[in-house]
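My request is simple: use the sequences and hints to build the entire structure.
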Amino acid sequence: DAGVTQSPTHLIKTRGQQVTLRCSPKSGHDTVSWYQQALGQGPQFIFQYYEEEERQRGNFPDRFSGHQFPNYSSELNVNALLLGDSALYLCASSLAQGNTEAFFGQGTRLTVV
Amino acid sequence: KQEVTQIPAALSVPEGENLVLNCSFTDSAIYNLQWFRQDPGKGLTSLLLIQSSQREQTSGRLNASLDKSSGRSTLYIAASQPGDSATYLCAVNKGTYKYIFGTGTRLKVLA
Numbered sequence: 004d005a006g007v008t009q010s011p012t013h014l015i016k017t018r019g020q021q022v023t024l025r026c027s028p029k030s031g032h033d034t035v036s037w038y039q040q041a042l043g044q045g046p047q048f049i050f051q052y053y054e055e056e057e058r059q060r061g062n063f064p065d066r067f068s069g070h071q072f073p074n075y076s077s078e079l080n081v082n083a084l085l086l087g088d089s090a091l092y093l094c095a096s097s098l099a100q101g102n103t104e105a106f107f108g109q110g111t112r113l114t115v116v
Numbered sequence: 170k171q172e173v174t175q176i177p178a179a180l181s182v183p184e185g186e187n188l189v190l191n192c193s194f195t196d197s198a199i200y201n202l203q204w205f206r207q208d209p210g211k212g213l214t215s216l217l218l219i220q221s222s223q224r225e226q227t228s229g230r231l232n233a234s235l236d237k238s239s240g241r242s243t244l245y246i247a248a249s250q251p252g253d254s255a256t257y258l259c260a261v262n263k264g265t266y267k268y269i270f271g272t273g274t275r276l277k278v279l280a
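Residue numbers (our numbering), protein chains in the order written: chain P, 4 to 116; chain Y, 170 to 280.
Honestly, I wouldn't trust all of these hints.
Straight-line C-alpha distance at most 25 angstroms; calculated DMTMM-like pairs for lysine to aspartate or glutamate [said to hold, decoys possible]:
(1) Y/Lys263 / P/Glu55
(2) Y/Lys237 / Y/Glu225
(3) Y/Lys263 / Y/Asp196
(4) Y/Lys211 / P/Glu104
(5) Y/Lys267 / P/Asp65
(6) Y/Lys237 / P/Glu104
(7) Y/Lys237 / Y/Asp196
(8) Y/Lys170 / P/Glu104
(9) Y/Lys277 / P/Glu55
These aren't lab readings, by the way, just hints derived from the structure by calculation.
Model, not experiment: these values are computed from the prediction.
What follows is the structure, encoded as structure tokens:
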């Protein structure tokens, strides 16, 4: 079992550009959530996808969007990048049914210059 | 609005000490609480999951307790080792896997 995998591991982008981050959930999991973790802070919930639809959303602007594919993998897109978007982006997978653990990937470190 | 606080923010102890990390949350209507470990620049590793109906969970040298009514959880680490050095995060789940995290406790275990 490969667990939760994220790509790429590191990324450097320029202000104003767009970025796409990818996540493959743990085998058997159907729900993917995305978190943003600024340096020295706890992760902040961005949004969650289940059955290819956004099910919940945190307090993030519309520049942040996502997608879930039929195989449950997911993408996080950020448009018009700001310096403040520099952070570690974490993907978590879980089962919609049942009260079980959430598993996190190793994250994508995004640096906006 | 659920808020999660972790105390202390940082902790430095000599190897072999037993230690307690604290997590408090403002809304007791939680589904479960999960403790994670995070090494610098890395993702989160799940340590223990406590369901709302449970009082504690144990895994090796780790023991986590939950007192939902008072909004508190503790992570007890026995016989600490330098390899335990990391940031420890607690997160509460209200039932939809939207985790609310604390800011973590940075632990350093000195050899």
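If any of the earlier hints don't hold here, list their numbers in rising order. 9
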